[in-house]
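Trainee: Here the protein sequences line up with chains A and B, keeping their order. Residue 217 in numbering that gives the first Met the number 0 sits at position 218 of the first sequence, with consecutive numbering throughout. Residue 135 in numbering that gives the first Met the number 0 sits at position 136 of the second sequence, with consecutive numbering throughout.
Please note: incorrect hints may appear among the correct ones.
As the list claims (entries may be wrong) - Footprint (simulated), chain A over chain B, 3 or more residues, beta carbon under 8 angstroms:
no.	stretch
1	17–25
2	37–48
3	178–191
4	299–305
To be verified - Counterexamples of contact, computed for chain B against chain A with all Cβ distances above 10 angstroms:
no.	residue
5	T110
6	L113
7	L143
8	V196
Simulated from the structure, these hints should not be mistaken for lab results. Each residue gets a CB set at the ideal place from its N, CA and C atoms; glycine is no exception.
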Amino acid sequence: MALTPDPRENLREVLRDLDPATAGASGRQRKSRVGYLQQMIAFGVVVGLLWLLFGQGSPLVMRTTPKAEPVSESARPWVAVSSPAISDTLWHLGLVAHIVGRSPYCGKVPKAVPVVGDLRDFDAERLALAKPDVFFVQPPLAGVDPALRTFCEQSGIRLIEHRIDSFADTRALVGDIAEVFATQPRVGADGLAGRLGEADALFEQFADATPLSERRSAMPKVLLLVSAEPFLAVGRDNYLDELLAAEGFENALDRDGWIEIAPEAIVTLPCDAVLAIAESARGAQRCNEAIRALPWPAALPPVAVEEAPQLLAPSLIALAERSRIRKLFERAVLTKREGSPMVPAEASATAPAVETTGSSPSDSSEQVP
Amino acid sequence: MNSRGFVLLAAVLFLAVLLRILIGPVSGDEGTRLVFAVPSAEIFGLRVMSVASAAVVGATLGLSGLALQTLLRNPLASPFVLGISSGAGFGVACVLVLGYLFAWGRVPWATETLGAVFGASLALLIVSRFGRGGDGHNPITLVLAGVILGSIFSAGSVLLEHLVPHGLRGDLLSWMSGRLPEIPNATHLATVAGLAVIAGTSLARSARALDVSMLSDDEARSSGVNLAQLRGKLFWTGGILAGVAVAYAGPIGFVGLVGPHLARRVLGPHHALLVPGAALAGATLLVAADAVRQVIDLGSGRLPVGVLTALAGGPAFLWLLRRGAIR
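From just these sequences and the hints, can you work out the full model?
Mentor: Here is the structure:
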């Protein structure tokens with residue numbers, strides 16, 4: 000772009016005036032340099048503080064990365080997992096000692112095991128350091144990140160991917176776990192074969208208990224919620240819907256997936272009970288209060304809320320504890336029968352609690368017998 | 000000061016690169032801990048690629064921010080503040096949803112990039128039109144329009160999420176948080192780097208015209224500058240670079256704002272220096288943020304790099320407001 004000859008000095012002056020950093024006399028320039036020096040020092044101080052707070056040796060880091068039990072060669076094959084459904088299944092099979100990398104949501108894996116990724120992302124460096132033989136991945140619908148696939152190929156890590164939406168997927172996962180661990184005599188000696196047999200029996204019982212779809216319309220209709228902020232209900236075509244059916248209930252919702260449902264839709268939905276499962280005791284309490292606060296047009300249906308994180312991932316644990324759904328329903332009906340009256344919306348804050356139970360049948364660090 | 004400024008910027012970038020390469024976790028009997036040491040060859044390779052990724056995205060965002068600040072004569076202009084990153088994100092979300100609805104399978108990155116560039120250009124066009132005051136762009140109106148537009152595009156992206164199945168929603172959500180590809184696809188990285196080099200070269204060649212364009216329109220025209228042509232170039236440079244950066248790494252905030260300002264303070268207002276300086280400063284910021292996030296270990300995996308750039312860039316934005324950058 001051509002410029003006409005122009006007084007360049009004038010232009011420089013104008014530009015200096017435009018920019019406060021270089022404007023004016025040399026005194027101001029010196030001042031600017033001093034200010035710049037101060038900013039650099041401040042930056043250094045901030046970096047130093049961050050290092051002190053979060054760096055090596057800080058109490059925060061020591062708290063979050065506790066001493067791990069050394070993973071021995073006898074614990075081969077080493078595996079990394081990207082989802083709680085997979086880690087819970089490994090835990091149920093007594094294989095948690097083989098896990099050398101986890102996702103932040105894997106509650107059954109000791110916190111000392113490094114986080115190497117989650118459902119959608121992965122930490123290449125920590126994965127390389129963990130040196131797993133196998134990486135069990137639950138990919139998103141769009142598929143495994145091609146970069147992860149390439150990385151695993153180059154690093155000699157076997158990538159096993161499973162979308163786990165139903166218990167058929169969980170069964171396929173267990174099959175792959177069995178195949179991975181089959182060549183390890185030490186693992187077999189520890190009783191893996193027996194536990195795999197038990198898992199197989201669980202799947203068979205589950206299949207036998209699942210009624211044909213035409214019979215389901217005669218079963219009690221249940222609305223199953225998993226969150227109250229917002230109300231998130233279990234629709235069709237997922238593992239919790241399968242659990243409901245196997246326990247003899249018809250899902251009150253006839254849409255697929257996980258449905259964010261409006262309060263007015265809940266109160267007008269024809270159902271025999273409203274059940275809710277939550278990740279934590281606090282979540283269960285909130286769910287309970289939210290359900291009670293709904294403007295029910297008639298009597299409050301039987302309601303029961305329970306803290307049951309183990310049901311919130313399609314793992315072997317969820318399958319093994321499926322009877323909790325029925326017990327929850329029975330508790331709801333019992334509570335209703337024993338005289339829990341209809342609770343008007345405005346009285347919800349002071350209303351007695353609907354049956355809410357906390358449950359933690361097993362400590363997260365405890366291994367399955 | 001100028002040559003020393005370049006040396007200073009290069010030295011800080013070198014320091015950031017050094018930190019990123021030397022600081023990292025090691026696994027041992029005492030759990031995972033951070034050490035400052037030369038890594039093994041395998042880990043070194045990973046870290047070098049991560050640095051390359053951060054440097055290229057940072058430089059691209061820095062150049063994009065500079066182009067926008069010059070185009071709009073507004074020190075607060077940047078892809079993130081003006082809603083251009085959100086527009087690019089909306090463009091990518093549209094492409095992903097279309098890919099799902101028409102069963103295209105995995106959408107090619109080039110298609111995602113086209114969507115991002117389209118969304119970024121659309122956002123820039125709208126914000127530029129709505130931010131116009133009596134005689135040119137009003138800085139406050141422009142920023143407000145950008146904030147509102149960013150909200151609208153973000154809402155649009157959330158709306159699109161509801162058109163896809165539950166499993167795919169998470170894909171969109173995670174993409175919108177912004178992340179640096181650590182094992183970059185070489186073609187993608189080369190494309191972004193190539194575009195940044197082309198755009199940077201083009202801007203540097205117009206440096207004197209860019210200097211003059213900072214004067215009033217009349218003064219610029221009387222100096223022989225074809226303002227319409229120059230603004231067209233800045234518009235497309237800002238939009239395309241922002242779109243490509245977003246398609247590659249998701250929306251990463253404030254690098255495009257702080258990078259050019261840092262360069263301006265160190266190198267002065269002349270664009271012959273500012274253009275490479277903004278790229279250098281942007282790269283420095285993102286590599287430094289990537290290095291710092293390696294240090295922060297809260298036991299739940301690393302923080303997204305966008306969190307750190309926002310933590311650093313947000314106060315910088317407020318500081319700019321306080322020192323009267325908006326007049």
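Trainee: State the violated hints by number, sorted upward, taking the hints as numbered earlier in the document.
Mentor: none
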